[in-house]
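Undergrad: What follows is each chain in one-letter form.
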Amino acid sequence: MKKFGVQLIILVFLALVVVNIGIFVHSIVLGADMNAYELNTQKLHQENLDLENQMYEVDSLSYAASQAAKLNFTQPANPIYLENLKYALNR
Amino acid sequence: MNKLKLVAGAFFILFLIIIIKLFYLQVLSPFSVSQNNYLQSNIIEPNRGKIFDRFGSPLATNQTRYLLYIQPKLVADKDNLVHSLDSVLSLGEATLSGLIDMNKTWVAVKTIDKNTKQKLSGLGLKGIGFQDETARSYPEASLAAHLLGFVGKDYQGNNIGYFGVEGFYNQDLTGLPGIFKTERDILNQPILFGTQEKLNPQDGRNLYLSLDKSVQTIAKSELQKGLETYKAQSGCIIVADPNTVQILALTCLPDFDVSKYYLFSENFFKDPAISDTYEPGSIFKPLVMAAAIQENKISPEDLYDENGPVKIGNYQIKTWDNTYEGKITMTRILEKSSNTGMVYVGSKLGSDLLYQYLQKYGFGQPTGIDLQGEVGGYLRPKDQWYPIDFATVTFGQGIAVTPIQMIRAFSAVINGGKLMKPYVVQKISSGNETIQIQPKVEKQVISQLTSDILKKMLVSAVEHGEVKWARPAGYVIGGKTGTAQIPIQGHYDPSKTIASFIGFAPADNPKFIALVMLREPKTSPWGSETAAPMFFDIAKQLLVYYNIPPEQ
Chain A
0 MKKFGVQLII LVFLALVVVN IGIFVHSIVL GADMNAYELN TQKLHQENLD
50 LENQMYEVDS LSYAASQAAK LNFTQPANPI YLENLKYALN R
Chain B
0 MNKLKLVAGA FFILFLIIII KLFYLQVLSP FSVSQNNYLQ SNIIEPNRGK
50 IFDRFGSPLA TNQTRYLLYI QPKLVADKDN LVHSLDSVLS LGEATLSGLI
100 DMNKTWVAVK TIDKNTKQKL SGLGLKGIGF QDETARSYPE ASLAAHLLGF
150 VGKDYQGNNI GYFGVEGFYN QDLTGLPGIF KTERDILNQP ILFGTQEKLN
200 PQDGRNLYLS LDKSVQTIAK SELQKGLETY KAQSGCIIVA DPNTVQILAL
250 TCLPDFDVSK YYLFSENFFK DPAISDTYEP GSIFKPLVMA AAIQENKISP
300 EDLYDENGPV KIGNYQIKTW DNTYEGKITM TRILEKSSNT GMVYVGSKLG
350 SDLLYQYLQK YGFGQPTGID LQGEVGGYLR PKDQWYPIDF ATVTFGQGIA
400 VTPIQMIRAF SAVINGGKLM KPYVVQKISS GNETIQIQPK VEKQVISQLT
450 SDILKKMLVS AVEHGEVKWA RPAGYVIGGK TGTAQIPIQG HYDPSKTIAS
500 FIGFAPADNP KFIALVMLRE PKTSPWGSET AAPMFFDIAK QLLVYYNIPP
550 EQ
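Here the protein sequences line up with chains A and B, keeping their order. Numbering that gives the first Met the number 0 applies: residue 0 is where the first sequence begins, and numbers increase by one. Numbering that gives the first Met the number 0 applies: residue 0 is where the second sequence begins, and numbers increase by one.
Each hint should be verified, as a subset may be incorrect.
In the BS3-like style, the derived pairs of lysine-lysine whose C-alpha atoms are separated by at most 27 Å in a straight line are [said to hold, decoys possible]:
1. A:69 / B:539
2. B:455 / B:521
3. B:510 / B:521
4. B:109 / B:125
5. B:118 / B:296
6. B:455 / B:442
7. B:420 / B:510
8. A:42 / B:521
9. B:259 / B:310
10. A:42 / B:125
11. B:381 / B:317
12. A:2 / B:2
13. B:113 / B:77
14. B:103 / B:116
15. B:2 / B:72
16. A:42 / B:510
17. A:1 / B:2
18. B:326 / A:42
19. B:467 / B:455
20. B:317 / B:269
21. B:197 / A:42
22. B:118 / A:42
23. B:347 / B:326
24. B:180 / B:359
25. B:467 / B:381
26. B:296 / B:347
27. A:1 / B:77
28. B:77 / A:42
29. B:77 / B:116
30. B:197 / B:296
31. B:4 / A:2
32. B:455 / B:326
33. B:326 / B:310
34. B:510 / B:455
35. B:152 / B:224
36. B:180 / A:42
37. A:69 / B:224
These are computed hints drawn from the structure, not numbers from a lab.
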């Protein structure tokens, strides 16, 4: 009985050591994952900023002006207002 | 029993190895200095708030930039490094070589963009690194340089806004930093069961301006054209909504490149529209006329006998062209911009009331516009005024005002008499919270009736003025020209003027008011020949932009 008790204690001790080592290794792996996710998040944030800025640039008047100059759309608009619309009125 | 001792012995040796390694790492290793290297506290910088125009188009946003640095002690071949870097940066090999001091551990080189960083990373050079930074980005470049201001550094190296909106709203735009406490191992990996605490930063608030970037573009391009055509030294254009004095456009030239402000002298940063005073000249006349009509001292149909120069003490006041028409109405005084007529109006109003109205119009005090750098001008105490001062102020000389003060006071004359507080930011947003800035009435200067009378007189001033302008056909536009001599060392230089025009359209229900100012135009000193044509060019474009149909 005493011998069985000692063997049991040794087995439990060994099991605890193995589990402890397992948890320790797993925590290192998770730590590495956390690091990777942090770097990825930072990278995505920067990409997000870059894309946002590209979008703003394409939407800007200065870009429109440069494209207009390239396509030779440089004449100012001179609208002609219609007055005294007799025939368009339903009378 | 021997097996047991063997196992115990193996464990003992394992533990001994671990203890020795720990002793080495924590006591003997260069990393184990007095500070705790495991718990790192990093500040998380907040994103600076963005600035948009009234329709949500971005004027100032953020972008990531990279500070290229070199660790000279890790550089194996300095010459190769300099040559490789210069092939991408084009700074000059001598400059780069001078920067890389082999006695230093860290040297900053230059802030670069993403593309340059990728090119440098592709070279695989040892001893270089990149530090992330956030910098301002301006999608519309320097369209509204003075109005926006710029983001520079304070003496501690922190970002801080200077001038314009960036300076005035710096605290709102900056936000609050967060903090990240993390325990890290020797390989800088997070220790899972250690401290991992994060307090998120609060990003800066976004600002939505009253500025319309299309109107700003119209104003700036016309100002550039005007400076070239009339060979003026500098100029400003302000466009506002006269009912609220929301600023729709504000541009002064010369200005500066907001993204490279450090290449410009400080003299360019100051916004002349709010920071420089000038003698307004004849555009001041309607303000005095409105005051006299409001106080029932005159009516538009009253007659003044313009029969020659007026003598005040040792001074003689003449008309601008030294011609005199005899009996003229108050409206005709404005049409022909008669200085002697205005002296008569001022004398009817009286010096006490005249001074009171100068204060009522807000002169001598800052307007409170939300731009950094505003000055209030200076209104001397009444007991320091001489009779000649009361006479000359009626035609806008002898008083120093800022362009924004003129726009505000003139808006009061045409909007029913309300002196409004001018503003540039109409909305501040942060997450789900939005604060709308409402127009603020500071005081009632004149009545609606007086305002309507003045509008009619100003329309007449445009239609029957001394110069015939190329006005947009079918529209009723009111306004006033101004040509003010510039005081230099106590005397007026007749060859140097500030030519201006202030106008509004459509006259019965003004949608916009615009002040055009040119300093020292060389082709002609007169506002009627320089600033006025510029105003009408701007008005034509704005009438089309706002889809305002002709009234006549």
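Undergrad: Now tell me if each hint is right for this structure.
TA: Hints and how they fare:
1. For a cut-off of 27 Å, the pair hint linking residue 69 (chain A) to residue 539 (chain B) stands: about 26 Å separates their Cα positions.
2. Restraint check for residue 455 (chain B) and residue 521 (chain B): the C-alpha separation of about 33 Å exceeds 27 Å, so the hint is violated.
3. Restraint check for residue 510 (chain B) and residue 521 (chain B): the C-alpha separation of about 32 Å exceeds 27 Å, so the hint is violated.
4. For the given pair, residue 109 (chain B) sits about 17 Å from residue 125 (chain B) by alpha-carbon distance, which is consistent with the 27 Å threshold.
5. About 76 Å separates the Cα atoms of residue 118 (chain B) and residue 296 (chain B), which puts this hinted pair outside 27 Å; it is violated.
6. Our distance criterion of 27 Å between C-alpha atoms is met by residue 455 (chain B) and residue 442 (chain B), whose separation comes to about 23 Å.
7. Restraint check for residue 420 (chain B) and residue 510 (chain B): the C-alpha separation of about 17 Å stays at or below 27 Å, so the hint holds.
8. For the proposed pair residue 42 (chain A) and residue 521 (chain B), the alpha carbon gap of about 55 Å is over 27 Å, so the pair is violated.
9. About 54 Å separates the Cα atoms of residue 259 (chain B) and residue 310 (chain B), which puts this hinted pair outside 27 Å; it is violated.
10. Pair hint residue 42 (chain A) plus residue 125 (chain B) holds up; C-alpha atoms about 22 Å apart against a cutoff of 27 Å.
11. At roughly 25 Å between alpha-carbon atoms, residue 381 (chain B) and residue 317 (chain B) fall within 27 Å of each other, so this suggested pair holds.
12. For the hint pairing residue 2 (chain A) with residue 2 (chain B), the CA-to-CA distance comes to about 15 Å; that is within 27 Å, so the pair holds.
13. With a C-alpha separation of about 24 Å, the suggested pairing of residue 113 (chain B) with residue 77 (chain B) holds against the 27 Å cut-off.
14. Restraint check: the Cα-Cα separation between residue 103 (chain B) and residue 116 (chain B) comes to about 23 Å, which is no more than 27 Å; the hinted pair holds.
15. Note on residue 2 (chain B) and residue 72 (chain B): the hinted pairing is violated, with a Cα-Cα distance of about 54 Å set against a maximum of 27 Å.
16. Taking the CA atoms of residue 42 (chain A) and residue 510 (chain B), the gap is near 47 Å; set against the 27 Å cutoff, the hint is violated.
17. Distance hint between residue 1 (chain A) and residue 2 (chain B) is fulfilled; the C-alpha atoms sit about 18 Å from each other, no more than 27 Å.
18. Distance check on the hinted pair: residue 326 (chain B) and residue 42 (chain A) sit about 79 Å apart at the alpha-carbon level, beyond 27 Å; violated.
19. Pair hint residue 467 (chain B) plus residue 455 (chain B) holds up; C-alpha atoms about 18 Å apart against a cutoff of 27 Å.
20. Among the hinted pairs, residue 317 (chain B) with residue 269 (chain B) is inconsistent with the structure: their alpha-carbon atoms are about 36 Å apart, more than 27 Å.
21. A hinted pair counts as satisfied when its Cα atoms are at most 27 Å apart, and residue 197 (chain B) with residue 42 (chain A) qualifies at roughly 19 Å.
22. For the hint linking residue 118 (chain B) to residue 42 (chain A), the alpha-carbon distance of about 17 Å falls within 27 Å, and the restraint holds.
23. Taking the CA atoms of residue 347 (chain B) and residue 326 (chain B), the gap is near 16 Å; set against the 27 Å cutoff, the hint holds.
24. Distance check on the hinted pair: residue 180 (chain B) and residue 359 (chain B) sit about 57 Å apart at the alpha-carbon level, beyond 27 Å; violated.
25. For the hint linking residue 467 (chain B) to residue 381 (chain B), the alpha-carbon distance of about 39 Å lies beyond 27 Å, and the restraint is violated.
26. A distance of roughly 6 Å separates the Cα atoms of residue 296 (chain B) and residue 347 (chain B); the hinted pair therefore holds under the 27 Å criterion.
27. For the suggested pair residue 1 (chain A) and residue 77 (chain B), the alpha carbons sit about 73 Å apart, so the restraint of at most 27 Å is broken.
28. Under the criterion of a C-alpha separation no larger than 27 Å, the hint pairing residue 77 (chain B) with residue 42 (chain A) is inconsistent with the structure, at around 30 Å.
29. In summary, the hint linking residue 77 (chain B) to residue 116 (chain B) is supported, as the alpha carbons are separated by about 19 Å, within the 27 Å threshold.
30. Restraint check for residue 197 (chain B) and residue 296 (chain B): the C-alpha separation of about 71 Å exceeds 27 Å, so the hint is violated.
31. Between residue 4 (chain B) and residue 2 (chain A) the alpha-carbon distance is near 16 Å, which keeps this suggested pair within the 27 Å criterion.
32. About 20 Å separates the Cα atoms of residue 455 (chain B) and residue 326 (chain B), which keeps this hinted pair within 27 Å; it holds.
33. The straight-line distance between the Cα atoms of residue 326 (chain B) and residue 310 (chain B) is roughly 18 Å, inside the 27 Å bound, and the hint therefore holds.
34. Proposed proximity of residue 510 (chain B) and residue 455 (chain B) is supported: the alpha carbons are some 16 Å apart, at most 27 Å.
35. Of the supplied pair hints, the one linking residue 152 (chain B) and residue 224 (chain B) is violated, its CA atoms being roughly 34 Å apart against a limit of 27 Å.
36. A threshold of 27 Å between alpha carbons decides the hint, and for residue 180 (chain B) with residue 42 (chain A) the separation of about 20 Å falls inside it, so the pair holds.
37. Restraint check for residue 69 (chain A) and residue 224 (chain B): the C-alpha separation of about 21 Å stays at or below 27 Å, so the hint holds.
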